[in-house]
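Q: Go by the hints and put chain E onto chain U.
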Amino acid sequence: MDDIKRIERKKQATLARRHIYTQVKKPETFITSMTEEAREAFFASEKKRIQTNLKKRKIRNGVITGFGIFAAVLISAFALIPIFFTFLNSFMSSEEIVANYKVVFQSMSGHATEGATYMSRMPVLKLIPEEVTISQYTTLLFMNPEYLFKYWNSLLLTLPIVAGQMIVACLASYSFARYRRKRREVLFFSYIILMLMPFQVTLVPNYMIADTLGILNTVWAIILPGIFSTFAIFLLTKYMRQIPSGYIEAATLDGASEWQIFTNIALPLCKNAIFALTILLFIDYWNMVEQPLVLLTDASKQPLSVFLSQINEPELGIAFAASSVYMIPPLLIFFWGEDYLVEGISRSGIK
Amino acid sequence: MDSRIEKNNQISDKGEVTGIRPGSAIAKSDKDPKEVKEVKRAVILSEEERDLAIINRPKPKNVTPLAGQKLTPKDIPVFEDTPERRQKLELRKKRHFKRKLRDWGIFTGYLTPSFAGVLVFFFLPLLMLLKTSFQKSPTNTDFVGFRNYERVLTNEAFISASENTLTFALISVPLAVILALLIALLLNSGLPGKSLFRSFLLNPMMVPVASVVLIWQVFFSYNGVVNGITAQLFEGARKIDWLKSEYAQVVIMLLFLWKNLGYNMVLFLAALNSIPNEILESAAMDGAGPIKRFFSIKLHYLSPTIFFVGIMSLINSFKIFREVYLLTGDYPFDNLYMLQHFMNNKFTQLDYSLLSSGAIVMCIVMIIIVGGLFFAESKFDKDVEE
Chain U
1 MDDIKRIERK
11 KQATLARRHI
21 YTQVKKPETF
31 ITSMTEEARE
41 AFFASEKKRI
51 QTNLKKRKIR
61 NGVITGFGIF
71 AAVLISAFAL
81 IPIFFTFLNS
91 FMSSEEIVAN
101 YKVVFQSMSG
111 HATEGATYMS
121 RMPVLKLIPE
131 EVTISQYTTL
141 LFMNPEYLFK
151 YWNSLLLTLP
161 IVAGQMIVAC
171 LASYSFARYR
181 RKRREVLFFS
191 YIILMLMPFQ
201 VTLVPNYMIA
211 DTLGILNTVW
221 AIILPGIFST
231 FAIFLLTKYM
241 RQIPSGYIEA
251 ATLDGASEWQ
261 IFTNIALPLC
271 KNAIFALTIL
281 LFIDYWNMVE
291 QPLVLLTDAS
301 KQPLSVFLSQ
311 INEPELGIAF
321 AASSVYMIPP
331 LLIFFWGEDY
341 LVEGISRSGI
351 K
Chain E
1 MDSRIEKNNQ
11 ISDKGEVTGI
21 RPGSAIAKSD
31 KDPKEVKEVK
41 RAVILSEEER
51 DLAIINRPKP
61 KNVTPLAGQK
71 LTPKDIPVFE
81 DTPERRQKLE
91 LRKKRHFKRK
101 LRDWGIFTGY
111 LTPSFAGVLV
121 FFFLPLLMLL
131 KTSFQKSPTN
141 TDFVGFRNYE
151 RVLTNEAFIS
161 ASENTLTFAL
171 ISVPLAVILA
181 LLIALLLNSG
191 LPGKSLFRSF
201 LLNPMMVPVA
211 SVVLIWQVFF
221 SYNGVVNGIT
231 AQLFEGARKI
241 DWLKSEYAQV
251 VIMLLFLWKN
261 LGYNMVLFLA
271 ALNSIPNEIL
281 ESAAMDGAGP
291 IKRFFSIKLH
301 YLSPTIFFVG
311 IMSLINSFKI
321 FREVYLLTGD
331 YPFDNLYMLQ
341 HFMNNKFTQL
351 DYSLLSSGAI
361 VMCIVMIIIV
371 GGLFFAESKF
381 DKDVEE
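Line by line, the protein sequences are chains U and E. In terms of our numbering, the first sequence opens at residue 1 and continues consecutively. In terms of our numbering, the second sequence opens at residue 1 and continues consecutively.
Worth flagging that the hints you see were computed from the coordinates, not collected in a lab. Keep in mind the model is a prediction, meaning the values are calculated, not measured. Misleading hints may appear alongside valid ones.
What the simulated footprint calls covered on chain E by chain U, stretch by stretch (three residues with Cβ under 8 Å from a Cβ of chain U suffice, anywhere in the stretch; the number is not a length) [claimed, not checked]: (1) 99-106; (2) 176-189; (3) 362-371.
Ideal Cβ placement from N, Cα and C applies to all residues, glycine included.
The following block holds chain U by itself, in its conformation from the complex (with noise of 0.2 Å):
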């Protein structure tokens, strides 16, 4: 007891030492003047108003995100009608297919006075075939060697393309994002500029220059030019600045020559860029028209993309299967890698 007396003492006395001890009443507040009922009532409707509130934005929230996802599969439904409607008149009869469309196209260019007397005719649009048949694809795939060969006509000129063109561009970007000088910006500057060109514009000298070279109306009059073009470089230049320096300078520290530091550093860290790219101009030159239309005459060396732009009245009935097939590379691709797709055009993935 007396322990305790003496520390409490001195506790005392320090603290009045310091200035520091008042006794201070405590403030009555509008809980501790109620009674002990009232502040039970009391409390228990505050909980009920919280339970209340949080219910209400309960289903605030609901309702937004139902707004939400009602928009995003009004916009997705507006993405993909499209991509089913080819996908499920694919197994349409070439009869039916034609019966249903026909319409459409008699009111076009060169049946524009025909088109009158259909007037009363409304186009059926379905999505789901009367009877399934597979006939559409079996006369592609198996009746007629020549959409094969359209199809692997666009394998040839799409695959080299895309190789070459991503070969090219890795070194070049990797120049333009380590050597930064005055001129080389103006010249990457001037690269930006013939990205943005039309095809249209350098039409005529490009025929030209093919038609010199000797390679007019091969395979090479659109490869070439395709491997050189510089949207690759445009993009992966601007992915590789994003690379810290403090990593290449760790590197030629370390006695990294510059191929090792290209090879070990550069190109794993734009590993996705480069995959998205490779998607990317996939599906571009997979879709090729306008080249092929002018730089290959012969129709045999023609990819089946050109075909498919010219289908008319007499190939309708083959035209939705054409397309899906023609779609399978692309989604494949797309699905490969569509995470790198997404990591890689963002620009963001190496901080």
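A: The following block gives chain E in isolation, referenced to the frame of chain U:
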């Protein structure tokens, strides 16, 4: 009681501290407990004294050979202009130059394949264009000055084509940017199934041009689906041939948006994800609503992406010609007649001088636009970094 506590508090050597047994011989012989080592205490000095102490502190000796010695001018080495010295300097200069050259050579080496190809397939054509734009015709190489430019700038087809191209770009590019941003914000607001919607929206990118064209024909031609729907919904609705009316550009814009929104949206989504979350949270704590947060924080972080998306959309707005051409052929309705149509038609008409001067004009306009965009982007980028 008091005294006992005090006793306990005194540290008496019981062998616990020193590790030596109190009674042992070593402990006795070692030291007297009273003989405490003098502790040098820090003396509080005045400021002047401290400064003086610092100034007069003992100088380190024999650390480096020159430390503490006074240098006379005689001691400082003067490099005389001897032949050896000159040789040395020259060698150093050479080495430096060699190194610079090597650096430049390496990077030029990386650039060479691309540059050679671009020179042949892109720069050379442009130069040829420039040359033919000053000639009467490709075969007749008379220099005609700016007469071709006069011709093309007064050509009605060219003027209307450039007007159409410009209005299309001016309306559709901002629309593509803003709508994509809105969709990205929608998907980013904690919607379930975000990645699913994302892949759905990216899908139109992969549809072959041909099937796009086919579908658009089915929907928008005179006997098309859209007219059928409007006829059923509204009694006595007029049938419109959409691609041959004043709405033609709207239809093409719809196609453009359908095709490019997904890609733009993905770019925006990635940029939105890279905004630091702490800043947004602290802003929300301080009472900033979603709208305020968007305009004050997110927009600031998004500005480089907005420029990037704008440029990509500009490229794609030029590429939409492919679809227009396949939908409507060489001579479409007036407000769809683009610059590319003009060039294509001049190509088939073999009017190269007009084509080349038109192309050069377009090139110059493009350089101005893109240059302005890049200038603005570099300024904005600096803003973001600050």
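Q: How does the region 362-371 of chain E fare against chain U when you require at least three residues with a CB closer than 8 Å, holds or violated?
A: holds (count 6)
Q: Within the region 99-106 of chain E, is the number of residues with a Cβ closer than 8 Å to a Cβ of chain U three or more?
A: With 3 residues in contact (Cβ-Cβ under 8 Å with chain U), the coverage given for the region 99-106 of chain E holds.
Q: For the region 176-189 of chain E, do three or more residues have a beta carbon lying closer than 8 Å to a beta carbon of chain U?
A: holds (count 4)
The structure meets every hint from the earlier list without exception.
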